[in-house]
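Chains as they are written, first to last, in our numbering: chain P, 1 to 418; chain G, 1001 to 1498.
Derived by calculation from the structure, the hints in this document are not laboratory data. Heads up, the beta-carbon is just placed ideally off N, CA and C, and yes, glycines get one too. Treat the hints with care, since some could be wrong.
Said to hold, decoys possible - Counterexamples of contact, computed for chain G against chain P with all Cβ distances above 12 Å:
1. 1030
2. 1452
3. 1487
Said to hold, decoys possible - Think about it this way: if two alpha-carbon atoms lie no more than 20 Å apart in a straight line, the pair counts; the simulated DMTMM-like pairs of lysine to aspartate or glutamate are:
4. 114/P to 1347/G
5. 352/P to 411/P
6. 303/P to 1347/G
7. 418/P to 366/P
8. 119/P to 1412/G
9. 355/P to 366/P
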Amino acid sequence: MKKFSGSLALGSLIAGIAAWGVADTQTVNAQGFYKGKTIKMIVRSAPGGGYDFYGRLLARHMPKFIPGKPKMIVINMPGAGGIVAANYMANRAKKNGTEIAILTRELALAQRTKAVGVKYDLSKLSAIGSAASSTFLVVMGKNQPIRSLKQLKASKKTILFAATGPGSGSYQYPALLKQDGFNVKIISGFSGGQNRFLAIERGDVQGTANSYESTSKAIKELGLIPILYNGAPHPALKGVPHVGTELSSQGKALAALLGAPLAAGRPFFTTGGVPADRLKTLRAAFKSALHDKDLLRESKRAKRNVAWTAPALMTKINAEILGASDKVIALYKSGAKKPKKDLSKFAKHSGKVTKIKRKGRRIWIDYKGKEVMAKVSGSRTKVTLNGKKVKRKKIKVGMTCKFTYPKPGKEAAKIDCK
Amino acid sequence: MIDAALEGLYGILQWKALLLMMVGIVISSTLVAMPGIGSKTAIALLLPIAFVLNQFEAICLIMSVWAVSNTANSITSILFSVPGGGGSQATIMDGYPMAKKGEAARALAAAFTSSAIGGIIGAMVLLVAIPILRPLVLLLGPPEFFMLVMVGIAMVGALSGKAPVKGIIAGGLGLVISMVGVHMITGLHRFTFDQIYLLDGLKLIPVTIGLFAIPELIYMGVKGTGISDLPLGDLGKGRRQGIKDAFTHRWLVLRSSLIGVWVGIIPGLGSAVADWFAYGSAKQTCEGARETFGKGDVRGVIAVDAATNAKEGGSLIPTLAFGIPGSSTLALIFGGLIIVGITPGRDMLTKDLHLTFSMIWLLIIGTIITSILCLAFTRQLAMASKLRPSLMIPIILAMAVIGSFAASSRFEDVIIMFAFGTIGYFMRAAGWPRPPLLLGLVLGPIAERHMWTSVQLFGADFLLRPGVLIIFAILVVCVCYPMFQDRNSKLRAQETEA
């Protein structure tokens, strides 16, 4: 009997929880749901900076547009360029509409290029809207001859561009130009826009790429000349060509990929599986907050632009990026990495192997009656024997080998032996 | 210029501005002084308030949190061997041994006093530098910055004491650890083992807390006594002595302050290394320092605290002249000041000169008030070193865990803290110097970045630029002077023996 009453109690408890759960998702409407609740606003970066600014701005102004006026608290979740926060939203956040997040704008690209650590599927998160759109610029210095994209295209001299590193716009845009046949070289390792402007002022480099918001002051003060833009058109950029009108079709495809995230520069998401009425409430509150007088006044004082992007457009942009062809992605990735060595310009010498030293690290062949040597790297030199890839120690004296290297005495890129 | 100076002073002496300055100072000396809670977090939380303030009030509230945070940061370093923030690691080296000797009050008072003097010197240098700021910073390109960092790396030798080889190995280990994460220039993943946590690299705060605080806890537990088992003595006297110490060693204070300013000027170098540079230099140049430093020499405390506070004046130089924030905290501060219409850059030296002056005044007045406040509580603070271990160990352990966690709210940071705690314990037990490891960790990425850019721009020729050669000459002097001094003192000793 005791046992029975125990299981009865347990059973009713389970039934109760189940009933409560059903009530939670179905019968209580969004209006009642948010009353007395606390919504978590996850920010993808540490305190300070743009994402934090927009996250806190919305956390201050959004609640008054949500029926029931819930509290909203900000939680900073930095790490791995925003991937940590996105993973959290996809896998661990509550799926009842009480957690929203401002995530990184490169989210879709990171997923499409299979960046390390990605454990989210963007198509399974629900977009709420974006709070700002952005414009990206290529600018040139005042004290150098290049004044327009046409002049840059015609330049015989290699033009140097300052950049932070691959993955950043400051790197991607010069890389895009380079792939389109412009004679440019990227100098990476500068931290932040101001340092790059300074390098231009010192004359170390001639140009750089940066967002319009962070460059407008330097255009005025240092006389920088914008020669190309991508993203949302800006009234101050009249006469500057859009990237889509000036490049080859391949360049355009890549520019579109780079430009897509600019339209939704500060994207907000909630988890998947949020009941439709709550999602609607959140989206409406987000939109109203971005048109709120108080919010606009604050953002104006902070000199941050505010522009609402519809969640439907965000979803479309993300779908486009996720569906980008492998060819475009390969192009994008090659812009993010050091370009491969051009083997066609390398010397190709073949002959019989005459001498081997240091377990195959140095190999000599007889080339047209002269002994020439190649250095052999275990990781960088591709060694083949009868067309099969082998380790360098398999090469023996007497074999016939073909070196592909810059010149005798240098490290070989390829060694093919028979 | 005098008009601007007076206007700046008048602006921050309004009652509301002064009150906000006091709020900033109290927040800075209590919350920010706790390990792991940096001035950055506090400032980010305060920024929304700036919307309703005028320019001077915003400067008072936001900048005071930052400007004085180094003063109170020394408290936990001296008392518990847990650094209160990035800039107070080297305070541990002599501050904690002093607390162990029962001289906590003296150490604290010396730290607070030299903080005030250092802060004032930093502000003065900023004042003098205003007219020559722009040409000065334009002279320094990536090659020159690289060489400046090299001078810092040469400090490893000084920080290693009697075990240079162990020091160099520890420094190398620090360099290797600094490579963990996504390489910022190539995007290459180094030593990340596909772990998402490692993508961002190992953070300084958990590593420091682990290296310095955990070993002390273990020793304290084993010994079964509090931090100090010696009688505290007359605390009031200790405090007076500490204040006197800072003035007795005024040249050391001046020298260390100038080092602090210099480190502050180099963008990105700032916060975490000024203290080590000053400590290393003091160890090289003070008489008899090689024997007494690390065992509770008050000069070690004075040098560090003067430098960390002077640094703030220096770090304002690139920020004001070019809008290049000297540190991420300054980037945040100026991001906030934009809200009230203050934009860093050229205007700060012309049109908005009065605002620049108000910042200089704030640095001076703020550090003085903070030091007086801290000095007033020195006796109460010093009592903590007498608490029994059964109370102290849990408190410090909690501080260490929260401090590691709070920096970026990640549990992995706590694991890293304990891992480095273990490493630190064995290093301490075997007589390996720990500071070079930290120096390697901080300077590695900076040196690498500047070298990368320099080579891309100029090839190997970057080493032959005049600026680089001059700085290299300074480096040679830095390395050779102590060796020369050493030989001289040995010769003198032999002479006296003979």
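Violated constraints from the hint list, given by number and in increasing order: Hint check: 2 and 4 fail, others pass.
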